[in-house]
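Residue numbers (this note's numbering), protein chains in the order written: chain E, 1 to 112; chain S, 1001 to 1112.
Everything labelled a hint here was simulated from the structure, so no lab data went into it.
Among the clues, some could well be false.
SDA-like cross-link-like pairs, simulated, lysine to any residue; straight-line CA separation at most 25 Å [what the hints assert, rightly or not]:
1. E/LYS42 <-> S/ALA1052
2. E/LYS58 <-> S/ALA1052
3. E/LYS68 <-> S/VAL1088
4. E/LYS99 <-> S/ALA1052
5. E/LYS99 <-> S/VAL1012
6. E/LYS42 <-> S/GLY1058
7. E/LYS68 <-> E/GLU15
8. E/LYS37 <-> S/GLU1030
9. E/LYS111 <-> E/GLY1
If we take Cβ atoms under 10 Å as the criterion, some of the chain S residues that face chain E in the derived model are [to be verified]:
10. VAL1012
11. ASP1026
12. SER1033
13. LEU1078
14. ASN1099
15. GLY1104
Glycine included, each C-beta is placed from N, C-alpha and C at the ideal position.
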Amino acid sequence: GENVEQHPSTLSVQEGDSAVIKCTYSDSASNYFPWYKQELGKRPQLIIDIRSNVGEKKDQRIAVTLNKTAKHFSLHITETQPEDSAVYFCAASMEYGNKLVFGAGTILRVKS
Amino acid sequence: NAGVTQTPKFQVLKTGQSMTLQCAQDMNHEYMSWYRQDPGMGLRLIHYSVGAGITDQGEVPNGYNVSRSTTEDFPLRLLSAAPSQTSVYFCASRPGHLNIQYFGAGTRLSVL
Chain E
1 GENVEQHPST LSVQEGDSAV IKCTYSDSAS NYFPWYKQEL GKRPQLIIDI RSNVGEKKDQ
61 RIAVTLNKTA KHFSLHITET QPEDSAVYFC AASMEYGNKL VFGAGTILRV KS
Chain S
1001 NAGVTQTPKF QVLKTGQSMT LQCAQDMNHE YMSWYRQDPG MGLRLIHYSV GAGITDQGEV
1061 PNGYNVSRST TEDFPLRLLS AAPSQTSVYF CASRPGHLNI QYFGAGTRLS VL
């Protein structure tokens, strides 16, 4: 089955700096890669996703890149703000598949 | 729309007790899932359902039962609680044409 590894487990950045979180996956059949943000004590919420026919997707300060050959994808957050502090999870699945496999999560701390 | 509603929010059980975690959604979503979240392990899929009357196992199904008699409800049953089942449990739903998971607020379960 699919296995998703996520790095780093914790990341501290200064406000205004960029943050990058990386994930690798094992199943070449996976072609849908979402990122979820979970604030302390809250539920996970989708922030951005990418499908395999696209190499990069941006939404304001957030971008995701996908390298299908290397089987890795990354989340990029620019101009970080204190409200970006949260746990971020990557995941992988087949398109419209219900078996999302999540990475272990990255705790992002933005210091002001 | 209330979205995905989980009850209870908190529960303490003794080893060997049984209980049912409730999940209901009012978005007419076909797909529903149960995840457990443990520190350092991300979210792991327990069971999922692609429609009323249809359920299947995820990554960590042992010790849990589910049923889906209606589109709206997807209860998770712990048959004989064990300390290893201490976790935060999230229910999620998604429409059939999208893979965006909408999570409930979670149930924090402690088994003593």
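Cross-check of the supplied hints:
1. Simply put, E/LYS42 and S/ALA1052 have alpha-carbon atoms about 28 Å apart, too far for the 25 Å limit, and the pair is violated.
2. At most 25 Å may separate the alpha-carbon atoms for a hinted pair to count; E/LYS58 and S/ALA1052 exceed this at roughly 36 Å.
3. For the hint linking E/LYS68 to S/VAL1088, the alpha-carbon distance of about 33 Å lies beyond 25 Å, and the restraint is violated.
4. Pair hint E/LYS99 plus S/ALA1052 holds up; C-alpha atoms about 18 Å apart against a cutoff of 25 Å.
5. Between E/LYS99 and S/VAL1012, the direct Cα distance comes to roughly 29 Å. Violation of the 25 Å bound is thereby established for this hinted pair.
6. Proposed proximity of E/LYS42 and S/GLY1058 is supported: the alpha carbons are some 23 Å apart, at most 25 Å.
7. Straight-line distance between C-alpha atoms of E/LYS68 and E/GLU15 comes to about 31 Å, which puts the hinted pair past the 25 Å bound.
8. In summary, the hint linking E/LYS37 to S/GLU1030 is supported, as the alpha carbons are separated by about 24 Å, within the 25 Å threshold.
9. The hinted pair formed by E/LYS111 and E/GLY1 fails the criterion: a straight-line CA distance of about 38 Å is larger than 25 Å.
10. Annotation: interface hint on S/VAL1012 violated; nearest CB of chain E at approximately 18 Å, more than 10 Å.
11. A least Cβ separation of about 16 Å between S/ASP1026 and chain E goes past the 10 Å threshold, and the interface hint is therefore violated.
12. The closest approach between the C-beta of S/SER1033 and any C-beta of chain E is roughly 6 Å, which is under the 10 Å cut-off, so the hint is satisfied.
13. Because the smallest distance between the Cβ of S/LEU1078 and any Cβ of chain E comes to about 21 Å, over 10 Å, the interface hint for this residue is violated.
14. Because the smallest distance between the Cβ of S/ASN1099 and any Cβ of chain E comes to about 6 Å, under 10 Å, the interface hint for this residue holds.
15. Interface restraint check for S/GLY1104: the shortest CB-CB distance to chain E comes to about 6 Å, inside 10 Å, so the restraint holds.
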